[in-house]
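Engineer: What follows is the residue order along each chain.
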Amino acid sequence: MEQWGLLLDGFASALTPGHLLWALVGVTIGTAVGVLPGIGPALTVALLLPITFRLEASSALILFAGIYYGGMYGGSTTSILLNTPGESASMVSALEGNKMARAGRASAALATAALGSFVAGTIGTLGLTFLAPAVAGFATSFGPPEYVALMAVAFVTVSALLGPDLLKGVASLLVGVAVGLVGIDSQTGQPRLTFGVDSLLDGVDVVIVVIALFALSESFGHLLSGTGSSTVQPLRERVVLSRSDLRRSWPAWLRGTLLGFPIGSLPAGGAEVPTFLSYSVERKLTKHPEAAPSRAWPGPRRPTTPPRRACWCRC
Amino acid sequence: MRAVQDRRTALATGLFGALMLVAAVVVVVDARRLPEQDSATGPAVMPLIVAALLAAVGFGLLVQAGIRLRAAEPTPRSGAGWRVVALVGALLAFAALLPLLGYVVTATGLFVSAALLLGAPRRWVLLAYGWALAAAVFFVFDRLIGLSLPSGPWGF
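Chains F and Y supply the protein sequences, listed in that same order. The opening residue of the first sequence carries number 1 in the numbering used here; numbering runs sequentially from there. The opening residue of the second sequence carries number 1 in the numbering used here; numbering runs sequentially from there.
The hints are simulated quantities; they were obtained by calculation from the structure and are not laboratory data. These numbers were taken from a predicted model, which means no experiment stands behind them. Treat each hint with caution, since some may be false.
Facing chain F, a subset of chain Y residues (Cβ under 10 Å, in silico) [claimed, not checked]:
| # | residue |
| --- | --- |
| 1 | LEU11 |
| 2 | THR13 |
| 3 | PRO47 |
| 4 | VAL57 |
| 5 | LEU61 |
| 6 | VAL88 |
Note that beta-carbon positions come from the ideal geometry of N, C-alpha and C, so glycine has one too.
Take these sequences, add in the hints, and give me the full structure.
Structural biologist: See below:
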């Protein structure tokens, strides 16, 4: 049980007042920046990188972990209340959480996003401590065929999930792939679809795509329907989870952890693939397919589940 | 009301399908320009596959829109389309004026125009909101974090 000792050592050094203060600062900044649509956790960490030049290594890591977790959580808030995901992994929160908010259950959606994120994040972090060597071995055994298979699963899931119209799902997927073609081909170094514009050589950043497709389309939709004044869904109830909500939610949290943990620990597994996978699992498992807000339960918390695994593995 | 939605959706679907066909042509033209490679998978292979899929799905959307459009009823015109055009114009003006006038002024302009188009009450406080928001963002990002935003001739 050498790992127990190492884990407890880690807790001992992390639980000093100074480090806890850095964690608090990180979570606060992360949530504040994370609720801004379009600025995801990765960008937040990148922006705040200069702050840590004067910090020692463990404080800096704790600060960044706080920023990352806060940023992921803040993304779910904008997704639920504004239907504007801060990064790609909160798309499911936007799809389902916003529906709940429109049905007057915004506080329940926010609460389950926070609690599910906490439960899955804690389980995942603890699990990774013990399983890291084995998972790392499994991850490095992934070759090109496995990646192609994983991407194929993700593509099929995404196009089948986004609405009832399969053709439109495929169309949106193809638009994304076509945007992804822009820039220098990583295999041959040839510029594709750049039309001689230098700034297109690096490709189109995913943040720009997300803002353009989600935030702008949201404003255009409000302009067309004339409903701009009701954008933010007000909180109408106390921010607590009822007992029945909790009973419905916890199996989904655990399933989300089970899906997010292995995929998130693969390099390049990313946060989006397990998010959409668990979303489709929950949609298949639900007993109330007709009640949109109640089947939305599994949605909001998954997005925040897997990414931290990906983060830790990259560290 | 339902017929209105159907017709609008069908028109949008058809337009999107047509755009995808255009995109397919653009991708093919761009891929033909790329140099030939000895290996089986050169830089042009993926674009050609994507272009073929774009064309197929775009054509499918056009057909779908055509079928649904025939069933839909004609709708009375509303001013909503012009509001979207105006917002697109505001965004383009924002992009064009950003290097000239600086972030704070252009972002305030974008905020005010978007808020007015979305139906905010016409009051001077709108200008104050936009200015305060833009100035706060500029202060945090440009001055505190050091990520330089475009500044106009007056330095902000």
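Engineer: Indicate, hint by hint, whether the structure satisfies it.
Structural biologist: Tested hints:
A cut of 10 Å between beta carbons decides the hint on LEU11 of chain Y: the least distance to chain F is about 12 Å, and the hint is violated. About 7 Å separates the beta-carbon of THR13 of chain Y from the nearest beta-carbon of chain F, less than 10 Å, and the hint is met. Taking 10 Å as the C-beta cut-off, the interface hint given for PRO47 of chain Y holds, the closest approach to chain F being about 6 Å. Because the smallest distance between the Cβ of VAL57 of chain Y and any Cβ of chain F comes to about 5 Å, under 10 Å, the interface hint for this residue holds.
Hint status for LEU61 of chain Y relative to chain F: holds, with the closest Cβ pair at about 6 Å, below 10 Å. Here the hint on VAL88 of chain Y is kept, as its CB sits about 8 Å from the closest CB of chain F, short of 10 Å.
Checked against the numbered hints given earlier, the structure breaks only hint 1 and satisfies all the rest.
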